[in-house]
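There are 2 protein chains.
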Amino acid sequence: MRSYPAILSSLFHHRIFSRFRRTISLQSPATVTTPMAATAEDSLRRALADKQSTIDAHGSAIRQLKTSGASKSEIDDAVKALNALKLEKTSIENQLKASISGDANGSAISRDAFRQAVVNTLERRLFYIPSFKIYRGVAGLYDYGPPGCAVKSNVLAFWRQHFVLEEDMLEVDCPCVTPEVVLKASGHVDKFTDLMVKDEKTGNCYRADHLLKDYCKDKLENDLALSADKAAELKHVLAVLDDLSGEQLGAKIKEYGIVAPDTKNPLSDPYPFNLMFQTQIGPSGASTGYMRPETAQGIFVNFKDLYYYNGNKLPFAAAQIGQAFRNEISPRQGLLRVREFTLAEIEHFVDPDDKSHPKYSEVSNLEFLMFPRDEQMSGQSAKRLGLGEAVSKGIVNNQTLAYFIGRVYLFLTQLGIDEERLRFRQHLPNEMAHYAADCWDAEIESSYGWIECVGIADRSAYDLRAHTDKSGVALVAQEKFAEPKEVEKLVITPVKKELGLIFKGNQKMVVEALEAMNEKEALDMKATLETKGEVEFEVCTLEKTVTIKKSMVSISKEKKKEHQRVFTPSVIEPSFGIGRIIYCLYEHSFYMRPSKAGDEQLNVFRFPPLVAPIKCTVFPLVQNQQYEEVAKQISRSLTAAGISNKKDITGTSIGKRYARTDELGVPFAVTVDSTSSVTIRERDSKDQIRVNVDEVAAVIKDVSEGRCTWADILQKYPAHTSASADE
Amino acid sequence: MRSYPAILSSLFHHRIFSRFRRTISLQSPATVTTPMAATAEDSLRRALADKQSTIDAHGSAIRQLKTSGASKSEIDDAVKALNALKLEKTSIENQLKASISGDANGSAISRDAFRQAVVNTLERRLFYIPSFKIYRGVAGLYDYGPPGCAVKSNVLAFWRQHFVLEEDMLEVDCPCVTPEVVLKASGHVDKFTDLMVKDEKTGNCYRADHLLKDYCKDKLENDLALSADKAAELKHVLAVLDDLSGEQLGAKIKEYGIVAPDTKNPLSDPYPFNLMFQTQIGPSGASTGYMRPETAQGIFVNFKDLYYYNGNKLPFAAAQIGQAFRNEISPRQGLLRVREFTLAEIEHFVDPDDKSHPKYSEVSNLEFLMFPRDEQMSGQSAKRLGLGEAVSKGIVNNQTLAYFIGRVYLFLTQLGIDEERLRFRQHLPNEMAHYAADCWDAEIESSYGWIECVGIADRSAYDLRAHTDKSGVALVAQEKFAEPKEVEKLVITPVKKELGLIFKGNQKMVVEALEAMNEKEALDMKATLETKGEVEFEVCTLEKTVTIKKSMVSISKEKKKEHQRVFTPSVIEPSFGIGRIIYCLYEHSFYMRPSKAGDEQLNVFRFPPLVAPIKCTVFPLVQNQQYEEVAKQISRSLTAAGISNKKDITGTSIGKRYARTDELGVPFAVTVDSTSSVTIRERDSKDQIRVNVDEVAAVIKDVSEGRCTWADILQKYPAHTSASADE
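In order, the protein sequences belong to chains A and B.
With UniProt numbering applied, the first sequence covers 1 to 727.
With UniProt numbering applied, the second sequence covers 1 to 727.
Note that these hints are calculated values from the structure, not bench results.
Model, not experiment: these values are computed from the prediction.
Do not rely on the hints blindly, as some may be mistaken.
[Unchecked claim] Which residues of chain A face chain B? A partial, calculated answer using Cβ under 10 Å:
{"#": "1", "residue": "Asp168"}
{"#": "2", "residue": "Ser245"}
{"#": "3", "residue": "Gly298"}
{"#": "4", "residue": "Pro331"}
{"#": "5", "residue": "Gln333"}
{"#": "6", "residue": "Ala461"}
{"#": "7", "residue": "Arg465"}
[Unchecked claim] Cross-link-like lysine-lysine pairs, in silico, PhoX-like; alpha carbons within 25 Å at most:
{"#": "8", "chain 1": "A", "residue 1": "Lys646", "chain 2": "B", "residue 2": "Lys355"}
{"#": "9", "chain 1": "A", "residue 1": "Lys646", "chain 2": "B", "residue 2": "Lys304"}
{"#": "10", "chain 1": "B", "residue 1": "Lys480", "chain 2": "A", "residue 2": "Lys656"}
{"#": "11", "chain 1": "B", "residue 1": "Lys647", "chain 2": "A", "residue 2": "Lys359"}
{"#": "12", "chain 1": "A", "residue 1": "Lys359", "chain 2": "B", "residue 2": "Lys632"}
{"#": "13", "chain 1": "B", "residue 1": "Lys184", "chain 2": "A", "residue 2": "Lys133"}
{"#": "14", "chain 1": "A", "residue 1": "Lys480", "chain 2": "B", "residue 2": "Lys656"}
{"#": "15", "chain 1": "A", "residue 1": "Lys656", "chain 2": "B", "residue 2": "Lys632"}
{"#": "16", "chain 1": "A", "residue 1": "Lys485", "chain 2": "A", "residue 2": "Lys508"}
{"#": "17", "chain 1": "B", "residue 1": "Lys647", "chain 2": "A", "residue 2": "Lys304"}
Quick reminder that beta carbons are idealized off the backbone N, C-alpha and C, glycines included.
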């Protein structure tokens, strides 16, 4: 029996980019999310070990032959055989190496090279810049340079259009500085931690799980003598790494003899480090504050006002875009794990008894890669699934959750995320807080693997209840009945006097636990008390089971007239890591193609116009005052239409100028080669059309803002072909 | 003589919302920015004092009469005369009260009532919400609720269009968390302070200047017995308040016997409190960071990359929109002085030898209220001035500065700021850092007085030099000469051996000061050394004057061939306090008008469509399924066109529904009273036109996005008049 106060005081919950500690047995069968496709490697490790034993045995045999004075030819034959065995061993070693690198490194090599090409381009063209570079930077902090900043603006503007405007959401904007009491209520002050170890001599800090992970990966990749059993053990450790407790991590670190990587000094036991940036609000030093680790809490604490603003009606959604902060112990993975980032979060408040969604039919026909719990547990992979089917089969918990999954799918693919490399992965039972009804992550595949970019969680009533509890302000909704309803109500009346005698100081906790029973629990208890006179009852807040006697509680059902229903709404929360989405978008948009002369590879970002940092460049074909005047005029008309554009009047060859802007992902280039009409070139196809000067701005605006496609335009305007047309 | 190192180590500089301490004599004639229009009050105070003396004298005379045994009638006459004098005194007192309240309170009463009406509406309609309200809030932190958030988005989108896009600026987005070294270089770690006093018993903190200000104002307003001289002194204190040093503030607090307002306990001496929120970056505790107090530093540290991105060409501008943080000691003035706020900053980098601007002619004909230094010093008021004239007369230092002043004027007035309540005030010499060439603040008049909302400063090379100095990375620009130039260069060679003998440990400072002399200073020194053999030389870094002998330095001019010129660009910085602009906009947009029945006053925000949080509401005239269907259809087409809109299908009277949305500043209301055509009502004129259902979205879009005006639309569509037309 789990009681209500226990729910309130329960574990801090998993949310995008955050983690919480669960306990998992290292001996339990692996609950691995990706199947261990390690059979080939396993048998090679076994064969290698076998071969080594054979060689060892053969070695002793030869030594015995020698001591026993065997003939030279006899010994020579034996040595020959031993050498043959050693050759076989080498061959197995090579196969094993190949198998390991095929598993872990093979595609990793090309993945690393690909990532390097993308990242080089991004840094060279100032999509991003390591922050405070002239002061040697700060790990985990990045600036968006001009094109990156424009991409981010475009993504956020589209997010506002696609979610806030389209769904009539209430957008709010709350401060980053947050007083302690709010984050105490949300659980962050106590639970928002990573486990850290310190170099016992220098005091350098490391994430305990990172060190263990690095150790296991290194062993698996480089230690050929590793037994198959040991290899399986290390793989299991890797699989359950996120779920290990501090004690378990510490024990493994000791067992494997892991030391500080920089100094080889011994390490401290792991201990929790809170990931929030702490500060003081005001000058007195009496008021602790934190930089918010997520934007959601600002919405929850305003629930009452927002509900009123919405005319006291459910469902409604509130949204917030803003900075969030996490003081990572040692940030890795470049732009994916940073100390400050932009979140866009939605909190959709809904009646827990009715999670249908009026616009559900608009997404129920969508079909895309989903990775439900069962497929993960049974070692299968993600599969294409109709959203409607997933709901009707009970795979996705409810319509509203499904509606947001569908809308997130549309959002990401319209941005340019490759739908083949996008999947919605359901949380496994052990990943979810117990109060959560269902959680799905939109994961995007990148060179770092599958990255959680959007979390979509049905968090039930947890957050509003936590703040109700802490603030004393009831964050609830009312449903007024058209006419009063007669309802049978469960009445639980703990007999405080009796309880006080037995439980003394713990009386309050027992009373609360009794009062928090749901109907079934209470009626079960009533039945047991009537038959047996007493019952065992678990009080979560005391972490023990107590004996309740018949005299200690009265449980009955009574009829009452009610005029309204008062309840805590459930919240369905889609939470977007904007920086992660943008980074994955960079990888999905990047490709290389040979220059016209074939002497070099040119970089291109195939951003859709919606996302492109600059929509259009304007080039005079040759340096010439007349053409430059036309270029200026076109640029001015584009600017007036709100279309970001760039003139390039340098004398560089047209091919070079195209290449430069392809690398920024500019979708359209206007080349001025006469004063009456000009050409427009599309980036990916390199198609060119001819358009009158005074129509250019309108054409570019239409195709940039999605009112028509390039294909439409190709049909409408004459194609242009010329020697100078292409690079 | 002021030498270069002294410039670098000079005071932290004045910037929007910030302050720095200057020293000013309390005995000096007042350098008051607003003329003391206090003559009437002064003479009343004098008359009151005179009358009191006369009354006192008369009182003694009567006492003498009594002792000397004068006749009853004689005494009665004298008492009569005394009573007449007392009546005259009361009359003067009343005049004085009226004069004071006319000065300080009279309009203040209506100002306060007006502000209360605006603020009540803003809070009730959730334009803003005190943050973390359910936890009793945190002073100086506010949330933007749904309409406020929409207004802010609109203002920022327009800012991007008006500045970034229109001027081809390089927008960047840097983190808020900033390492100490950056803010040490900028001067914030050492100088970004306010003076604070503590209640010596409770430890409560107060801003020293606020306490002194409150004391002076209270005395001036409520102490009628105050002498004219004392009143003048208190007014002078108020005028120079911002410039007082800690010692001066402390002395005044002691002199006036000011105590802690809450407890009447004695106060500590004033001491500086740094206004930055401090935190730790990473887990080690070894790396101090701050939440940035402004966004500008993120641009300065990226100068090198941005200059390269711009093709190594000047001028160019970089821009940034983002959160900034200031840990105010005790925030007052509601939304105007907050602890976290959005800044939008531009850093325009320019050749110090050429501050012309190519688009200057586009603004030079503008005319608006300017308040140059001379007018302030001579007690005049702001006056309408042509921007071109201000530049040609040397009132505004240069074209680029003037260009931005003009663009800021256009930006603010297009948002809806009343141009009669907007002025550009030039900084007085004592307000500017000595390196600044010229500074102007866009000040907007609100119920709090004239509020600095945008600062536009020519900061010369200060910031780039400070970061060059601290980081060792040269933040400079190059001008390549078409052909090498022969230049005469000044060569200053301090003779270190000689200097060392005399100045020992101070040698380095003297050497630096000598090397930092400009050409005129050096040639003057050379001439003096040649005639007199020695010269007095002020070394700012030593804060003293030393004697330089001929043997200590050689100064000569040499001819050299140079291929390029390397220089530190000047920066012109327009810095926008977005929250302040929005608050002033609320006040300028607010008005009240009687309801149709005349029984109540209704609130209206006259936001231009550009700013309005919602562009359009859609109402079915009566509750009716057909009309509701049409309303839905119109709402959908508006949403698809990106126009924020709101349906109201409640059965409330149409007048009430109009009033509700007028209060949110919604400019247009569509009322569905048939299935073929509908009415569109404009908020301020209450004019209505009739438009076909399928044209509605296009009409609203055009007028919302400024492609046409309401007047244009009135001409094009038939007017609609009906009983239900107005409220």
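Hint check:
For the restraint placing A:Asp168 at the interface with chain B, the shortest Cβ-Cβ distance is roughly 7 Å, inside the 10 Å limit, so the hint holds. Here the hint on A:Ser245 is broken, as its CB sits about 19 Å from the closest CB of chain B, past 10 Å. Of the supplied interface hints, the one on A:Gly298 holds, with its beta-carbon coming within about 6 Å of a beta-carbon of chain B, less than 10 Å. Evaluation of the A:Pro331 hint against chain B yields a held restraint, the C-beta minimum of about 9 Å falling below 10 Å.
Proximity of A:Gln333 to chain B is violated relative to the hint, the smallest CB-CB distance being about 16 Å (cut-off 10 Å). Taking 10 Å as the C-beta cut-off, the interface hint given for A:Ala461 is violated, the closest approach to chain B being about 16 Å. Contact between A:Arg465 and chain B, as hinted, is not supported at the beta carbon level, the nearest pair being about 13 Å apart and thus beyond 10 Å. For the suggested pair A:Lys646 and B:Lys355, the alpha carbons sit about 23 Å apart, so the restraint of at most 25 Å is met.
Of the supplied pair hints, the one linking A:Lys646 and B:Lys304 holds, its CA atoms being roughly 21 Å apart against a limit of 25 Å. A hinted pair counts as satisfied when its Cα atoms are at most 25 Å apart, and B:Lys480 with A:Lys656 qualifies at roughly 24 Å. Taken as a hint, the B:Lys647 and A:Lys359 pair is honoured in the structure, with Cα atoms around 17 Å apart against an allowance of 25 Å. Between A:Lys359 and B:Lys632 the alpha-carbon distance is near 13 Å, which keeps this suggested pair within the 25 Å criterion.
Note on B:Lys184 and A:Lys133: the hinted pairing holds, with a Cα-Cα distance of about 16 Å set against a maximum of 25 Å. Taken as a hint, the A:Lys480 and B:Lys656 pair is honoured in the structure, with Cα atoms around 23 Å apart against an allowance of 25 Å. Proximity of A:Lys656 to B:Lys632 is assessed by CA-CA distance (about 51 Å); at most 25 Å being required, the pair is judged violated. With a C-alpha separation of about 33 Å, the suggested pairing of A:Lys485 with A:Lys508 is violated against the 25 Å cut-off.
Note on B:Lys647 and A:Lys304: the hinted pairing holds, with a Cα-Cα distance of about 22 Å set against a maximum of 25 Å.
Violation of the numbered hints given earlier is confined to hints 2, 5, 6, 7, 15, 16; the remaining hints are satisfied by the structure.
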